[in-house]
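Engineer: What follows is each chain in one-letter form.
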Amino acid sequence: MKKGLLKLAFVLLGFIAVNSASAQIADTVANACARHLGNQFISDGQQYRALLMNADETAEFHTTLYGGTIYRVAACSGLSDGNLVFSVYDSEHNLLFTNSEFKNAPYWDFKINNTLDCTIEARLDGAQAGSGRAVVLIGFKQAK
Amino acid sequence: MRLKFITLKGSFVLLSVTALLTAGCGGDDTANTDELPPVDSTQTTILNINGEIFSIPSPIQTAFLIKNSGAAYSKEILNPASKSSDYSTNFSKALNLGIYGADLGYVTIYDQTQDAIGYLNSAKKLADELGVSGAFDAKTIERFQKNLGNKDSMLVLVGVAYRSSDSYLKNNDRNDVSGLVLAGGWLESLYFATNVYKTKPNEDVKRRIAEQKSSLQSLIKLLTQYYSQPEYTEFIDNLNDLATVFDGVEFKYTYEKPTTDAEKKLTTINSKSEVNITPEQIESISQKVKSIRSQIVG
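Those protein sequence lines, which keep their order, are chains A and B.
Here this note's numbering is used: the first sequence runs in plain steps of one and ends on residue 946.
Here this note's numbering is used: the second sequence runs in plain steps of one and ends on residue 391.
Keep in mind the hints are simulated off the structure, nothing from the lab.
You may find that some hints are simply not true.
Dumping the calculated BS3-like pairs for lysine-lysine here, alpha-carbon to alpha-carbon at most 25 Å [unchecked claim]:
| # | chain 1 | residue 1 | chain 2 | residue 2 |
| --- | --- | --- | --- | --- |
| 1 | A | K943 | B | K244 |
| 2 | A | K946 | B | K232 |
| 3 | B | K232 | B | K160 |
| 4 | A | K943 | B | K239 |
| 5 | B | K293 | A | K905 |
| 6 | A | K946 | B | K176 |
| 7 | B | K383 | A | K943 |
| 8 | B | K244 | B | K365 |
| 9 | B | K299 | B | K345 |
| 10 | B | K350 | B | K381 |
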């Protein structure tokens, strides 16, 4: 009985520590990523994140991009840039953009002429080993 | 392999031990990726439905559209900031935190600085009561007040505050609250649009109303996992009723090749889209949104 309680307490403690460590990692990555939005883009108020276990896993972020707007998508994993490959597809899965063609640029701007639903797919660069916390941030400003 | 999004709710002794050991060791700032131990969990968070994450557009974007349409400032369409004391449950506080965020964006865009301070304080009050620390801290309030009159900076600060709130809620496994904040903001922006369309019909506003179809579907997917909780049941039923009206709204999308300027890090999306929404559908949407909102703001 005593052993069981101890084990339970240990597991709970571990759970709290894991959650806390995970949250800290996500916040650290997000803070590093937020600098790419700068002070010209208004955050959409959300922080999108996923834990990618290897380069074969892909995170999918579904969003609507409004016409007459310039968006900045910042995508990060870890504390240095270039670890995350992100690609933007339309609703018919036509590839609209991938940062893999631009040295895994950590952010990119999109001028939207007509509203569209799209999917942002993010995966770790195959050259990087291990797992990582992927964070995607979206900012916007009005197109002139 | 498609991603299995992961939360760390599962209790895995080995993982816990590893985490306990690593948590105390400090981070390695030079690491390229934030190395984490393998996790075997299939639990998903609110924003991870079947391996997908849904984004809800910022209500501030619709407020911009309304201002650009030439509509005059109308305080009547907002939820009075003074009502923030009326909300007693976390459910109503979360929804109204989202509503106040949209209102704060609206008054800021219309350069109503005094009203902006009122809405900022109301949002802070609800955030504090929800236990969302840091999102509207003294520093943020001070920065906001220092930038009064500088609309662009104020809006950036509002976005940062709401993103901090979203992050805090997700870090603390309060994804339900996070979803409600999004729902409140989304509903308020649709309420703006339907009201403005009534008084000053405009093609852009009409289109924006129609464009809410997919955001509504996303919201329903986000919130449905909480359907069994009494407060959520009626709210989600109402959203589903609204979605039924949106079912008749038609979209036509035509892909066109985008153009990219690598030097400017800019891609222009040239695809075309058309929407078809009838006056009757707009009227039904308006009535339904008004009804749902009135239940929330009281």
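Engineer: Compare the structure with each hint and give your call.
Structural biologist: Results of checking the hints against the structure:
1. K943/A / K244/B: holds, 12 Å
2. K946/A / K232/B: It is violated: about 32 Å lies between the C-alpha atoms, which goes past 25 Å.
3. K232/B / K160/B: The hint is violated at about 29 Å.
4. K943/A / K239/B: Holds. K943/A to K239/B sits at ~22 Å (cutoff 25 Å).
5. K293/B / K905/A: Status violated; Cα separation ~47 Å.
6. K946/A / K176/B: Status violated; Cα separation ~37 Å.
7. K383/B / K943/A: Answer violated: K383/B to K943/A is near 28 Å, above 25 Å.
8. K244/B / K365/B: Roughly 31 Å separates the two Cα atoms, so the pair is violated.
9. K299/B / K345/B: Since the Cα atoms of K299/B and K345/B sit roughly 16 Å apart, the hinted pair holds (cutoff 25 Å).
10. K350/B / K381/B: violated, 38 Å
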